[in-house]
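Colleague: Below are the chains, spelled out letter by letter.
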Amino acid sequence: MSLRITCPHCGVRPLEEYLYGEVPVVPDDVVGDDARDLDRAFMRANTEGVIRERWFHAMGCRRWLWADRDTRTDEML
Amino acid sequence: MNEFIEAKVALQWQQPKAAYDVVIVGGGGHGLATAYYLATRHGITNVGVFERSYIGGGNSGRNTTVIRANYGIPEAVRFYQRSLELFASLEDETDRWIMHNQKGLLWMTHTEHGMRAEKARAAVNTAFGAKTRYVEPEEIKEICPQIDLSGGGKFPVLGASYHEEGATARHDRVVWALAEGAMHRGVHVHQRAPVTGLLRDGDRVTGIETPDGPVSAGVVVSAVGGHVTTLASMAGLRLPIRSHPLQAFVTNHYAQAFDAIAASTDLLFYMSQTARGEMLLGAEIDRQPSYSYRSGHHFLESCAHRAMTLFPFLRDLRILRQWTGICDMSPDYSPIMGKTGVDGFLVTTGWGTWGFKAIPVGGEQMAQLIATDKTPELIAPFSLDRFARDRTLADRGSAGTH
Numbered sequence: 071m072s073l074r075i076t077c078p079h080c081g082v083r084p085l086e087e088y089l090y091g092e093v094p095v096v097p098d099d100v101v102g103d104d105a106r107d108l109d110r111a112f113m114r115a116n117t118e119g120v121i122r123e124r125w126f127h128a129m130g131c132r133r134w135l136w137a138d139r140d141t142r143t144d145e146m147l
Numbered sequence: 005m006n007e008f009i010e011a012k013v014a015l016q017w018q019q020p021k022a023a024y025d026v027v028i029v030g031g032g033g034h035g036l037a038t039a040y041y042l043a044t045r046h047g048i049t050n051v052g053v054f055e056r057s058y059i060g061g062g063n064s065g066r067n068t069t070v071i072r073a074n075y076g077i078p079e080a081v082r083f084y085q086r087s088l089e090l091f092a093s094l095e096d097e098t099d100r101w102i103m104h105n106q107k108g109l110l111w112m113t114h115t116e117h118g119m120r121a122e123k124a125r126a127a128v129n130t131a132f133g134a135k136t137r138y139v140e141p142e143e144i145k146e147i148c149p150q151i152d153l154s155g156g157g158k159f160p161v162l163g164a165s166y167h168e169e170g171a172t173a174r175h176d177r178v179v180w181a182l183a184e185g186a187m188h189r190g191v192h193v194h195q196r197a198p199v200t201g202l203l204r205d206g207d208r209v210t211g212i213e214t215p216d217g218p219v220s221a222g223v224v225v226s227a228v229g230g231h232v233t234t235l236a237s238m239a240g241l242r243l244p245i246r247s248h249p250l251q252a253f254v255t256n257h258y259a260q261a262f263d264a265i266a267a268s269t270d271l272l273f274y275m276s277q278t279a280r281g282e283m284l285l286g287a288e289i290d291r292q293p294s295y296s297y298r299s300g301h302h303f304l305e306s307c308a309h310r311a312m313t314l315f316p317f318l319r320d321l322r323i324l325r326q327w328t329g330i331c332d333m334s335p336d337y338s339p340i341m342g343k344t345g346v347d348g349f350l351v352t353t354g355w356g357t358w359g360f361k362a363i364p365v366g367g368e369q370m371a372q373l374i375a376t377d378k379t380p381e382l383i384a385p386f387s388l389d390r391f392a393r394d395r396t397l398a399d400r401g402s403a404g405t406h
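Those protein sequences? They're chains U and Y, same order as listed.
Sequential numbering of the first sequence, starting at 71, is according to my numbering.
Sequential numbering of the second sequence, starting at 5, is according to my numbering.
Hints were generated in silico from the structure; no laboratory data involved.
Treat the hints loosely; a few may be bogus.
Not the full set, but computed from the structure, chain Y residues with beta-carbon under 8 Å of chain U [what the hints assert, rightly or not]:
id	residue
1	I245
2	S247
3	S294
4	Y295
5	F391
6	A392
7	R393
Rough simulated footprint, nothing fancy, chain U against chain Y, three-plus residues with beta-carbon under 8 Å [said to hold, decoys possible]:
id	stretch
8	231-237
9	279-293
10	351-365
Keep in mind it's a predicted model, so treat the numbers as computed, not measured.
Cβ coordinates follow ideal geometry from the N, Cα and C atoms, glycine included.
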């Protein structure tokens, strides 16, 4: 069974209905405009664990939602 | 490594030493190739390779085994062409059969835009040393008789770039040949040996932490795949890497010989036949970053559907196995190799979905960098600082997975 995501408007729906929305977070200890621009453009925490992310329910209500996911197991929290 | 492999490959397992000149984290193709070329080309054998699972158990054993150099930018064509040459002589050099088989690769296109792109690919390949030419549909049918040129009426094949030196090799055998060659010369390879931390002296990396204690090193090389960000963060380094799952599958035995490697960038799949006769297929990466090895039904359905559009004979086959690897994707779809700005810590990463074909050249160049402390000309463009210098090497169209 593929990953399923709970949409607040449509309920539990399969992953294939959604588009992924990345949320890049520049850490506070990256200082200076150039360094922060570089980090935002390219660098990623690429977390092994729980991340907060956005999904666009493209084949449903066409609204953005927030979700927490454990990237080690793809478990939606 | 199981008993079957132990019997086939002569390997000597050692206890880890307290110190090595070079510690390589990750016992996949790139880590072992680096060790192999350090030992064979530079006489540096005080090397320890630390693999958290078994050698070749990560992406080196999960790829679709294609070796090709038909990239879209000069830096990459030169680099992968060197890898093609090293692969072609690897059997003679290691005296091990890696099942290297030159098949020729057809990269099909179904649109006007795609035809222009493949003609441009053939031109840049020819200019920088790779043997690629543009071929018309009649010749495609001669090379690959199983193809339906009408593409099921929806995706007519208008042409293809034909990369004559495209090849496959058995990926496990490549890993074993390199491990064996390195270990015969004194390199230590440690399996089930996770690296839990990095030893640091100020900003400098001086060794690794393992469950059995610290190991100091003159230089630590990260040859880690999908989990590279976690290791680099131990060195205080942020990387431009996202880890995405990539899935693949094989069918049951197809009774006819399918000689070519076939791919379509518009339909987005690639296919070849294994030595066992199975049809081996792969497609695009999963959209969301993840470390989960779970395979999904959606991928099977969509990839099989696209492949059957061009190859109707697949309808009569059944899927035997599917699996997933975790790919270290770089933003510009080119590898990231060399110095990192952290003393004593080198990386070879960003191998994403194109790492297997670069195993020998990646190892050769990293070994030269370690031995001479100078970045070789061939990999200088692939340095980590290219992102800060605004010198990215965008080559997404050559990855075949997007």
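Colleague: Taking the hints in turn, state whether each one holds.
Modeller: Hints and how they fare:
The criterion of a C-beta within 8 Å of any C-beta in chain U is met by Y:I245, whose closest approach is roughly 6 Å, and the hint holds. Hint status for Y:S247 relative to chain U: holds, with the closest Cβ pair at about 6 Å, below 8 Å. Taken as an interface hint, Y:S294 checks out: its beta carbon lies about 5 Å from the nearest beta carbon of chain U, inside 8 Å. Contact between Y:Y295 and chain U, as hinted, is supported at the beta carbon level, the nearest pair being about 5 Å apart and thus within 8 Å.
For Y:F391, the interface hint holds, the least distance from its beta-carbon to any beta-carbon of chain U being 5 Å, beneath 8 Å. Taking 8 Å as the C-beta contact cut-off toward chain U, the hint placing Y:A392 at the interface holds, the least distance being around 6 Å. Given hint, Y:R393 at the interface with chain U, is violated; its Cβ is 10 Å from that chain's nearest Cβ, farther than 8 Å. Given a C-beta distance limit of less than 8 Å, the hint that chain U covers the stretch 231-237 of chain Y holds, as 3 residues qualify and 3 suffice.
Residues of the stretch 279-293 of chain Y with a Cβ under 8 Å from some Cβ of chain U number 3, which satisfies the need for three, so the listed coverage holds. Counting residues of the stretch 351-365 of chain Y whose C-beta lies closer than 8 Å to any C-beta of chain U gives 0; at least three are required, and the coverage claim is violated.
In terms of the numbered hints stated before, the structure departs from hints 7, 10, listed from lowest to highest.
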